[in-house]
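Order-wise, the sequence lines are chains C, Y, P and X.
Heads up, the first sequence is in our numbering, so the first residue is 1 and it goes up one at a time.
Heads up, the second sequence is in our numbering, so the first residue is 1 and it goes up one at a time.
Heads up, the third sequence is in our numbering, so the first residue is 1 and it goes up one at a time.
Heads up, the fourth sequence is in our numbering, so the first residue is 1 and it goes up one at a time.
Just so you know, the hints here were simulated from the structure itself, not pulled from any lab data.
Backbone N, C-alpha and C fix where the C-beta goes; we use that ideal spot for every residue, glycine too.
Take the hints with a grain of salt, since some may be wrong.
[Unchecked claim] Residues of chain C clear of chain P, computed beta-carbon distances all greater than 10 Å:
(1) Thr-57
(2) Gly-58
(3) Glu-91
(4) Lys-93
(5) Arg-110
(6) Gly-130
[Said to hold, decoys possible] Just a few of them, taken from the derived set where beta-carbon distance is under 7 Å, the chain X residues facing chain C:
(7) Asn-95
(8) Lys-113
(9) Arg-116
(10) Ile-120
(11) Gln-140
(12) Met-144
4 protein chains.
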Amino acid sequence: MTDLPTAADETPDYRRRCRESFARQPILATLKATLTVPEPGLAIVEIPHDPGLLQQTGFFHAGVAATIADSAGGFAALSLLPPGSEVLAAEFKINYLAPGRGERLRATGRCIKAGRTLSICTVAVHALDGGREVHTAQMQQTVMRIAEPA
Amino acid sequence: MTDLPTAADETPDYRRRCRESFARQPILATLKATLTVPEPGLAIVEIPHDPGLLQQTGFFHAGVAATIADSAGGFAALSLLPPGSEVLAAEFKINYLAPGRGERLRATGRCIKAGRTLSICTVAVHALDGGREVHTAQMQQTVMRIAEPA
Amino acid sequence: MTDLPTAADETPDYRRRCRESFARQPILATLKATLTVPEPGLAIVEIPHDPGLLQQTGFFHAGVAATIADSAGGFAALSLLPPGSEVLAAEFKINYLAPGRGERLRATGRCIKAGRTLSICTVAVHALDGGREVHTAQMQQTVMRIAEPA
Amino acid sequence: MTDLPTAADETPDYRRRCRESFARQPILATLKATLTVPEPGLAIVEIPHDPGLLQQTGFFHAGVAATIADSAGGFAALSLLPPGSEVLAAEFKINYLAPGRGERLRATGRCIKAGRTLSICTVAVHALDGGREVHTAQMQQTVMRIAEPA
Numbered sequence: 001m002t003d004l005p006t007a008a009d010e011t012p013d014y015r016r017r018c019r020e021s022f023a024r025q026p027i028l029a030t031l032k033a034t035l036t037v038p039e040p041g042l043a044i045v046e047i048p049h050d051p052g053l054l055q056q057t058g059f060f061h062a063g064v065a066a067t068i069a070d071s072a073g074g075f076a077a078l079s080l081l082p083p084g085s086e087v088l089a090a091e092f093k094i095n096y097l098a099p100g101r102g103e104r105l106r107a108t109g110r111c112i113k114a115g116r117t118l119s120i121c122t123v124a125v126h127a128l129d130g131g132r133e134v135h136t137a138q139m140q141q142t143v144m145r146i147a148e149p150a
Numbered sequence: 001m002t003d004l005p006t007a008a009d010e011t012p013d014y015r016r017r018c019r020e021s022f023a024r025q026p027i028l029a030t031l032k033a034t035l036t037v038p039e040p041g042l043a044i045v046e047i048p049h050d051p052g053l054l055q056q057t058g059f060f061h062a063g064v065a066a067t068i069a070d071s072a073g074g075f076a077a078l079s080l081l082p083p084g085s086e087v088l089a090a091e092f093k094i095n096y097l098a099p100g101r102g103e104r105l106r107a108t109g110r111c112i113k114a115g116r117t118l119s120i121c122t123v124a125v126h127a128l129d130g131g132r133e134v135h136t137a138q139m140q141q142t143v144m145r146i147a148e149p150a
Numbered sequence: 001m002t003d004l005p006t007a008a009d010e011t012p013d014y015r016r017r018c019r020e021s022f023a024r025q026p027i028l029a030t031l032k033a034t035l036t037v038p039e040p041g042l043a044i045v046e047i048p049h050d051p052g053l054l055q056q057t058g059f060f061h062a063g064v065a066a067t068i069a070d071s072a073g074g075f076a077a078l079s080l081l082p083p084g085s086e087v088l089a090a091e092f093k094i095n096y097l098a099p100g101r102g103e104r105l106r107a108t109g110r111c112i113k114a115g116r117t118l119s120i121c122t123v124a125v126h127a128l129d130g131g132r133e134v135h136t137a138q139m140q141q142t143v144m145r146i147a148e149p150a
Numbered sequence: 001m002t003d004l005p006t007a008a009d010e011t012p013d014y015r016r017r018c019r020e021s022f023a024r025q026p027i028l029a030t031l032k033a034t035l036t037v038p039e040p041g042l043a044i045v046e047i048p049h050d051p052g053l054l055q056q057t058g059f060f061h062a063g064v065a066a067t068i069a070d071s072a073g074g075f076a077a078l079s080l081l082p083p084g085s086e087v088l089a090a091e092f093k094i095n096y097l098a099p100g101r102g103e104r105l106r107a108t109g110r111c112i113k114a115g116r117t118l119s120i121c122t123v124a125v126h127a128l129d130g131g132r133e134v135h136t137a138q139m140q141q142t143v144m145r146i147a148e149p150a
């Protein structure tokens, strides 16, 4: 895997590019997700509690945590890639550390390797529960760079 | 990991127990999912196409495939466990093999090891697209047995 | 991921190509490993018991099972790729199902998707213990195609 | 997963306990590995270059990086568990970020969740190559607590 240049002039408009990709994804609207990209390589996706997203013990379903974690990692990678890039999940692995219970679920993705073909990210998922932040899941993910759809 | 007995008399009513767990999970109703448990250790979760579940290139979002795959694996494990068991995802890993495009998405989970504490499953996800079945994702998963909620 | 042609004329000499790659890997000699490639997409790597490969409870170390599983998956993928290809592990995930104890450890890898860039394999590891075969580990793996070293 | 107390009085002698487990593992002697446990929850396993551990392109084999990463994570977890505990790998996932080339390979494991049954660790593997440290692999791992062998 060849390293990509990640200098500032290679990632202009990284926030705009992430916002535009975000806006093209109906599922993120369905989940009422919000996106923040504080800096290149770091992206945060957050959703509010929704009774329709729970599993049998009243917590956010594991798949919901996986969905926003996958998105946060994807945007973290995208923010480091050259303009014109788009990314797809190649694979990920997620561990569940504690029940995902509370008012909000937040996924914080960091890209630890931006590559020409594959980028690797780690994502921490926290449940915000009455003022407490509980580390509820941890993901390690590979995203693949593709050409942006015309 | 100690093996659990999986003889027929240890898994009575496995279909009923899976159906009841299924009915307690709001997210499965949200996704309009259906469940089939043809035999102990094998469970199929299927959802119809829904524009609200897509990502930026018009395919089912990776997280949606992960959600139904995680459910299918969970039910496959549950069907082999003694009455009174409930399961939670401990962790899973999923690879995306081909775009998840089409009228339906189907996850077929098999439990390859039913353990007292941990059970291991593999899950294949297929997209049903105009008469074709495309193997779109593959999961390997660990579920943890807990006491059924009172 | 674009599918590669896997017709017979695209995988000539797949056994020879796997044998040559095998012979270039000192670690496989260190482990006294043997390789069998019964058909394109299927590869078996087996090692004998060795006191120097055990962990603290007297079983094969988890890393040893991972090493031969990673190799078996790599050869399964290589056998389907065009002549001139070489592969490297991009990532894998392995679950341990039962103690790896016995005279031999055998990894059976199948390539479930041969792609131009990424190939996906599943690998089962069995311990051969006094006539019994115990399914001791299960891997899901991504290998990346690179140009064969000159 | 119930949290375990990890206060200082619950992890006395954590270095001695890790050293004793280390000394019982023949594979770590085979690899000429060294272990450092700077603090509870953090463990470092390092090995020197050895021609017998390489793959076909002259780098450390992926399985070797996985073996020492699995060990480092296991010791990181063990150092946080009550005396009398022993751990086994339940599963792990590892991504390869860059070729593992150089004089030494070092795995740094951190336990991000110490649980009564399952503990979760992340492990970074670096190759030390002529004064440079290259992040060559990243693991996310689950270890299972068992009773210490008598």
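We went through each hint and held it up to the structure:
1. Thr-57: holds (24 Å)
2. Gly-58: holds (28 Å)
3. Glu-91: Contrary to the label, Glu-91(C) does not stay out of reach of chain P, its closest Cβ about 6 Å off (not over 10 Å).
4. Lys-93: violated (6 Å)
5. Arg-110: holds (17 Å)
6. Gly-130: Nearest chain P Cβ is 35 Å from Gly-130(C), so the label holds.
7. Asn-95: Hint holds; Asn-95(X) Cβ to chain C Cβ min 5 Å, cut 7 Å.
8. Lys-113: holds (5 Å)
9. Arg-116: At about 13 Å, which exceeds the 7 Å cut-off, the nearest Cβ of chain C leaves the hint on Arg-116(X) violated.
10. Ile-120: holds (5 Å)
11. Gln-140: holds (4 Å)
12. Met-144: With a minimum Cβ separation of about 13 Å from chain C (threshold 7 Å), the hint on Met-144(X) is violated.
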